[in-house]
Amino acid sequence: MAFIVKFHLHFLWLLLLVVSVIGQNLPKFCRSCPPPNSLNCNYDNIGAFRCQNETDNCYVRNLNGQIDRGCLQEISIDSDRQRCHDPDDLSCLECTGMSCNSALWPTCHVCQESTDPTCRGEQSGVGTFCERYNAPGSCFERIVNGSVERGCRSDMVEDPCGGNEHCRVFEGSASNGHAVREILVSKCVQCRADDLDVDRSCLSGSKGGTSCVGPSDGRCYSRILDGGFLERGCRGNLTLDEVQRCNGTMCGICIGDGCNSGIFPEDRLWCNKCNSGNTSDCKIEVTDASKSVICKIYTEDNMCYSAISSNQTCKFLKNLACSSTNRM
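Sequence positions in the sequence shown follow mature numbering (1 follows the signal peptide of the UniProt record, and there is no 0) and run -23 to -1, 1 to 305.
Do not rely on the hints blindly, as some may be mistaken.
To be verified - In silico BS3-like pairs for lysine-lysine, Cα to Cα no more than 30 Å straight-line:
1) LYS164 x LYS250
2) LYS268 x LYS250
3) LYS250 x LYS273
To be verified - Cβ pair distances, simulated, as ranges:
4) ASP65 x THR187: 25 to 33 Å
5) ASN41 x SER79: 16 to 24 Å
6) VAL103 x PRO13: 13 to 21 Å
7) LEU217 x ASP132: 31 to 39 Å
8) ASN279 x ASP258: 21 to 29 Å
9) VAL103 x ARG158: 22 to 30 Å
10) SER253 x THR187: 37 to 45 Å
11) ASP132 x GLU277: 56 to 64 Å
12) CYS138 x THR92: 19 to 27 Å
Please keep in mind that the hints were generated in silico from the structure rather than gathered at the bench.
Here a beta-carbon is modelled for each residue, glycine too, at the ideal position from N, C-alpha and C.
Please build the complete structure, drawing on both the sequences and the hints.
Okay, here's the thing in structure tokens:
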């Protein structure tokens, strides 16, 4: 009996001890950087330090362009603490977990060519801390009135790319450092002068330019494909080998929006085209260019022809030349 009573008393003592421990506040730890790195606190594996107040919360904030972390109650200025309490003020984040303020603050390249000419070129380095936090960090680069601008998506009230095709947004810190040629959306004539070119606008070069899907460095091309058909498009659609070989009569690269319009090659053959079965004046000598058209199939030794057939029609067939009896 004495053993049972002693066991019950020991169990009761342990139970009271557990309740007492649970009732106590555990120490609170927050991530923080001691001097001299207290305002450059944005790297992995930041140390955790015990807060003076065990009921405190943790914070991470952008303080005048530097990242500061620690225990919230240790911020001496009340208005600064209130910013951390405000969920809409993303210049400071408050969290309640143990050592919860470990998130890396995002960075972007921030500049305007109007005040910094180097903003136009490719950017290097880690960039500048964004004023407002955004995970995983969105950066933008754009061209406005011919001038390059770079910055943090989270620092903009409105969409930085709204209505601007020369604008791109990237995820990840310092992701907006591309050269201007990669930001600029080129416009080129993009078509093929085959049977689908019913109005011959591709062949004649009168077709309008459209935006290239990928970076083309402001360059367009025109080339003659195997089979003699003309193709126009954006340089970014060519392979590196095709770009290197595109420097002759059969292929050309130009600079500027829509620069690959017009007739290509410039000296390609025009011929009068008519059929006396459809129009009577085809039988007489053609003295003007009213019936002149660009030959759809390009070959360097191409020629015009006139022919007479038994059904008053001359049809051009591939690999079929006019015979000596009906050649004009």
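Each hint tested on the structure:
1. For a cut-off of 30 Å, the pair hint linking LYS164 to LYS250 is broken: about 33 Å separates their Cα positions.
2. Among the hinted pairs, LYS268 with LYS250 is consistent with the structure: their alpha-carbon atoms are about 6 Å apart, no more than 30 Å.
3. Among the hinted pairs, LYS250 with LYS273 is consistent with the structure: their alpha-carbon atoms are about 12 Å apart, no more than 30 Å.
4. Between ASP65 and THR187, the C-beta spacing of about 41 Å breaks the proposed range 25 to 33 Å.
5. For ASN41 paired with SER79, a C-beta distance near 22 Å keeps the hint of 16 to 24 Å intact.
6. Between VAL103 and PRO13 the beta carbons are some 19 Å apart, a value that agrees with the proposed interval 13 to 21 Å.
7. Range check, LEU217 to ASP132: about 38 Å between beta-carbon atoms, so the 31 to 39 Å window is met.
8. At about 25 Å, the CB distance of ASN279 to ASP258 agrees with the hint of 21 to 29 Å.
9. Between VAL103 and ARG158 the beta carbon distance is about 23 Å. The supplied range of 22 to 30 Å therefore holds.
10. Taking 37 to 45 Å as the suggested C-beta distance range, the pair SER253 and THR187 conforms, at roughly 40 Å.
11. Range check, ASP132 to GLU277: about 58 Å between beta-carbon atoms, so the 56 to 64 Å window is met.
12. For the hinted restraint 19 to 27 Å between CYS138 and THR92, the CB-CB distance of approximately 21 Å keeps it satisfied.
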